[in-house]
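Visitor: These protein sequence lines map, in sequence, to chains A, B and C. Counting from 2, one number per residue, gives the positions in the first sequence under the working numbering. Counting from 260, one number per residue, gives the positions in the second sequence under the working numbering. Counting from 308, one number per residue, gives the positions in the third sequence under the working numbering.
Everything labelled a hint here was simulated from the structure, so no lab data went into it. Hints may be right or wrong, so weigh each one.
Within a straight-line C-alpha distance of at most 25 Å, the following computed BS3-like cross-link-like pairs (lysine-lysine) qualify [stated by the list, open to error]: (1) Lys662(B) to Lys394(C); (2) Lys477(C) to Lys396(C); (3) Lys3(A) to Lys396(C); (4) Lys541(B) to Lys326(B); (5) Lys51(A) to Lys326(B); (6) Lys3(A) to Lys477(C); (7) Lys477(B) to Lys437(B); (8) Lys162(A) to Lys93(A); (9) Lys394(C) to Lys4(A); (10) Lys395(C) to Lys4(A); (11) Lys156(A) to Lys495(C); (12) Lys4(A) to Lys396(C); (13) Lys3(A) to Lys395(C); (14) Lys93(A) to Lys477(C); (15) Lys477(C) to Lys395(C); (16) Lys60(A) to Lys326(B); (17) Lys3(A) to Lys495(C); (18) Lys156(A) to Lys396(C); (19) Lys379(B) to Lys541(B).
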Amino acid sequence: MKKLSGAYLVLLFGFLYAPLLVMIMISFNGGESTAHMTGVSLRWYREMFKDAATLQAFKNTLTLSVSAALVSTFLGTLAAVGIERMRSARLKALVMSITNIPMMNPDIVTGISLMLLFVFMAGLIGYTPVLSFWTLLIAHISFCLPYVILSVLPKLRQMDKSLPEAAMDLGCTPLQSFLRVELPFISPGILTGFIMAFTLSFDDFVISNFTSGAGFETLTIHIFAMIKKSVKPDIYALSTLIFAAVLLLLLVYDLLGGREEDMAV
Amino acid sequence: MRKAFAIAACLALSLLLIACLSACGRSDEVLYVYNWGEYLADGSYDTMDVLSGFEEYYEELTGRSMKVYLTTFDSNEDLYAKISGGTSRYDVIFPSDYMIDRLRTEGLLLPVNIESVCEKYGAECYYEYIGEDFRGLFYDPDDEYSVPYTYGRVGIIYNCTQVDEEDCTGWELLWNPKYAGRILQFNNSRDAFATAQYLLGIDLNTEDPADWKACYDKLLEQKPLIQSYVMDEIYNKMESGEAAIGAYYAGDFFTMLEVNEDLRFFYPENTSLFVDSMCIPKGSENPENAALFMNYLLSEEPAIECAEFIYYASPDALVFENEDYQEDMGEYVMEVLYPEDFHFAEELNVNGMRNLSPETLEYIGRLWEDLKISGGLPAGVYWTAAALAAVIAALVIYSFIVKRRRARWY
Amino acid sequence: MKAGLLQRAAAAPHIVWSALFILAPMVFVVYYTFTDGSGSPSLENITRLNAGNYLMILVNSLCMALIATVICFLIAYPAAFIFSRMKKKAQRLAILLIMLPLWMNFLITTYSWMTILEDTGVINTLLSALRLGPVHMINTPGAVICGMVFCFLPYMILPIYSVMAGIDPKLIEAAADLGCSPAQTFAKVIWPLSLGGVISGITMVFVPSVSTFYISQKLGGGTFQLIGDTIESYFTGTAVNYHFGAALSLILMVLILISMAVMNRFGEGEGGEIR
Chain A
2 MKKLSGAYLV
12 LLFGFLYAPL
22 LVMIMISFNG
32 GESTAHMTGV
42 SLRWYREMFK
52 DAATLQAFKN
62 TLTLSVSAAL
72 VSTFLGTLAA
82 VGIERMRSAR
92 LKALVMSITN
102 IPMMNPDIVT
112 GISLMLLFVF
122 MAGLIGYTPV
132 LSFWTLLIAH
142 ISFCLPYVIL
152 SVLPKLRQMD
162 KSLPEAAMDL
172 GCTPLQSFLR
182 VELPFISPGI
192 LTGFIMAFTL
202 SFDDFVISNF
212 TSGAGFETLT
222 IHIFAMIKKS
232 VKPDIYALST
242 LIFAAVLLLL
252 LVYDLLGGRE
262 EDMAV
Chain B
260 MRKAFAIAAC
270 LALSLLLIAC
280 LSACGRSDEV
290 LYVYNWGEYL
300 ADGSYDTMDV
310 LSGFEEYYEE
320 LTGRSMKVYL
330 TTFDSNEDLY
340 AKISGGTSRY
350 DVIFPSDYMI
360 DRLRTEGLLL
370 PVNIESVCEK
380 YGAECYYEYI
390 GEDFRGLFYD
400 PDDEYSVPYT
410 YGRVGIIYNC
420 TQVDEEDCTG
430 WELLWNPKYA
440 GRILQFNNSR
450 DAFATAQYLL
460 GIDLNTEDPA
470 DWKACYDKLL
480 EQKPLIQSYV
490 MDEIYNKMES
500 GEAAIGAYYA
510 GDFFTMLEVN
520 EDLRFFYPEN
530 TSLFVDSMCI
540 PKGSENPENA
550 ALFMNYLLSE
560 EPAIECAEFI
570 YYASPDALVF
580 ENEDYQEDMG
590 EYVMEVLYPE
600 DFHFAEELNV
610 NGMRNLSPET
620 LEYIGRLWED
630 LKISGGLPAG
640 VYWTAAALAA
650 VIAALVIYSF
660 IVKRRRARWY
Chain C
308 MKAGLLQRAA
318 AAPHIVWSAL
328 FILAPMVFVV
338 YYTFTDGSGS
348 PSLENITRLN
358 AGNYLMILVN
368 SLCMALIATV
378 ICFLIAYPAA
388 FIFSRMKKKA
398 QRLAILLIML
408 PLWMNFLITT
418 YSWMTILEDT
428 GVINTLLSAL
438 RLGPVHMINT
448 PGAVICGMVF
458 CFLPYMILPI
468 YSVMAGIDPK
478 LIEAAADLGC
488 SPAQTFAKVI
498 WPLSLGGVIS
508 GITMVFVPSV
518 STFYISQKLG
528 GGTFQLIGDT
538 IESYFTGTAV
548 NYHFGAALSL
558 ILMVLILISM
568 AVMNRFGEGE
578 GGEIR
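Only chain A is shown next, with the shape it has when bound in the complex (with noise of 0.2 Å):
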């Protein structure tokens, strides 16, 4: 049995890694092509820190995911604690309920939409290229904040009511005892919310081919147009850095988390 199940991982291992695989080794490629290795070389490397094109790409796609996530995070976790505090049941479906349309409805749909709204709203004031980096953070921002709101909620939900009731009891002014006293206790929620904002909006593409215009690409777009083209190997090169990044990161949030579960225990 135990055989069998580590048979079974490496498969389901093997699959998933199988083109980051392919990936990272036709970045090291000497040759031109994205199909054949051709001797090893690190030039696709040096391609790319020459690229400024991909470079822009790439610090564009860094300063929007950044944006959409700080702004997401803050009206996300506002909106957590209002619904949490909300009284009427019914309110409080309603407005979930309108909450999770991004999560439910395809990419596409979502893309489209908010297109058509840019787009006649563009029509009405008379201002028509208006597709700017301004339209693409507002579609990011909308369909990160559904999942913001989903990680804090649950941590408002199992904090203790009395806790901040006592902290007011003892003098706090009620935003002093959100501030001191629960934003504590949910921050954990606040920053994988942030997390899951920052790696959507990074890794987005529907939504930003459809909400995107001349003048700041992100890294999947330009991507995208550098598909239809030959891909140059320096792409690999930068999304085997990415890979590393990643991955490195990943490991330093397991071992501080890993520490200090063991430290709560």
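Starting from the known structure of chain A, arrange chains B and C on it as the hints suggest.
Guide: Below, chains B and C alone, put in the same frame as chain A:
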């Protein structure tokens, strides 16, 4: 601990954001260029980066800093969708002849005025080097809205290890069942329909729906043989030997040949030709900068760099008369790109694509979509899906019955 | 309590935002569906759905997505089960490794799949070296399904795993003590308790599979289209027509909402909480 980590992470990321934003810097002027993919020398493969070249040129000329942003499209129809939607701002676009005609008649272009702009800024104007053959063409009779950039003809590329020489007679090669599953067809309506039009001997610019329908039927007949409808994906597929036959633009063949030596090329007896020109779309906020950019691309060094990078024929005398360029290209390339006794203007009148009436365009669009969505999946897919649906339905019903029974017990 | 009002008002920005950028866009999809190019009301877009092959495209997409979802489930369920029985440290590592591919750009990984599956690709090179002959894989529905399974598999594993990890081992012991065979334990204890995770996994895989438009273009070669491809081409491609594109999106959206409602109905009765 966790909280400290969270705060540290947020702070670090915000700092990163600020760093990014400030690193972007502010330049006095921006120019949004919308071009075909890989259609400008961009600094890769030891070429010159013409975009930063222009930024320097501009700063020298006017004393103001300039930032050029490039985005790309891969068919005239995609370009039209973006421009007519009016959702994005562009300053320079690179449509082909028939699309210029369409954009111009729909009032979506601004006049270029390249000569007067150059005069105003005291720049040397290179427009005079554009060959006689490329002036006053049908899509822009007064040369008011466009500046030609490249031109070429469509030909057929094949892999000589997979295709017999004697089969390469003309357009019927794309319909040869011997090579089923290894043929590539254009993924844009006008070029794809053109292959069928030449095969059937139909005029490229017919307005008769019956003609278009006949071509549609021909393309539908071809569909089972097609490996893929492609635009620039053709590079990888031909280079790797994945596909054996494909029709594409002459210049691109040489880019593929650099990677795969087994590729061969020929022009069918009748074939379409195109000229890609630079235009300024309506909504451009600074048409003068756009004109300066065009002028810069016509000047000797960038023009040659671009022509060598993309392997398309250039209408710019500074390029095609340059001896170094001719030498770099080599005899064979020059022969294919600039054949003798080839008069572009005359050819374009016969084999050029024109803009068509809105009704015909709408009809072509529908036929094209129908072609793309015609034909189902292999029957196995439907059977599998049906079987799975049946199993799931059975499970659901079974669990309902169990639940009912249980409910009766308690 | 004074804090109440202030804190309840905290949701206000979100509600305004949702109304502006979640609800209003939906209204526009409906608006565009029922108007024509000049902005006057029209049913043409709906009647046109019937005319062409569009319903077949929809059926094709549903079939492909269904197969991909079931395959994902068949792979993910045992995997999640194995993970949930591992040591805590190993569990963390395994989940980390499952999540890692999600951070990679799916355009790039899909492109890598092309390299793997092509006639001259990695697998066929290996096969012909072993003299097993080339097998044609790319540009078939199988390749598209493979791409979908790869892209969405983690979304199936993660929710099932998180539910399974939460099952108290004592329950399983108790079932065994009360005379259940392993098969019975599975059918009566583990399966019902994990159903919530299964359902949210199915949702998270099925929805993006139905509407995907990139995977099918690359791995299917563009000779057959899914509904996502068709919608995209009406917004950015040859036959640009926002109104008809909106009609297609509306149909897709309604279809998905209906299937989600049915799924959730099915899940609720079993006591599994949908996360």
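Visitor: Compare the structure with each hint and give your call.
Guide: So, going through the hints one by one against the coordinates:
| no. | hint | result |
| --- | --- | --- |
| 1 | Lys662(B) to Lys394(C) | 35 Å, violated |
| 2 | Lys477(C) to Lys396(C) | 21 Å, holds |
| 3 | Lys3(A) to Lys396(C) | 18 Å, holds |
| 4 | Lys541(B) to Lys326(B) | 20 Å, holds |
| 5 | Lys51(A) to Lys326(B) | 17 Å, holds |
| 6 | Lys3(A) to Lys477(C) | 21 Å, holds |
| 7 | Lys477(B) to Lys437(B) | 17 Å, holds |
| 8 | Lys162(A) to Lys93(A) | 18 Å, holds |
| 9 | Lys394(C) to Lys4(A) | 16 Å, holds |
| 10 | Lys395(C) to Lys4(A) | 19 Å, holds |
| 11 | Lys156(A) to Lys495(C) | 31 Å, violated |
| 12 | Lys4(A) to Lys396(C) | 19 Å, holds |
| 13 | Lys3(A) to Lys395(C) | 17 Å, holds |
| 14 | Lys93(A) to Lys477(C) | 36 Å, violated |
| 15 | Lys477(C) to Lys395(C) | 17 Å, holds |
| 16 | Lys60(A) to Lys326(B) | 16 Å, holds |
| 17 | Lys3(A) to Lys495(C) | 24 Å, holds |
| 18 | Lys156(A) to Lys396(C) | 24 Å, holds |
| 19 | Lys379(B) to Lys541(B) | 22 Å, holds |
In the structure shown, a violation is registered for the earlier hints numbered 1, 11 and 14, in ascending order.
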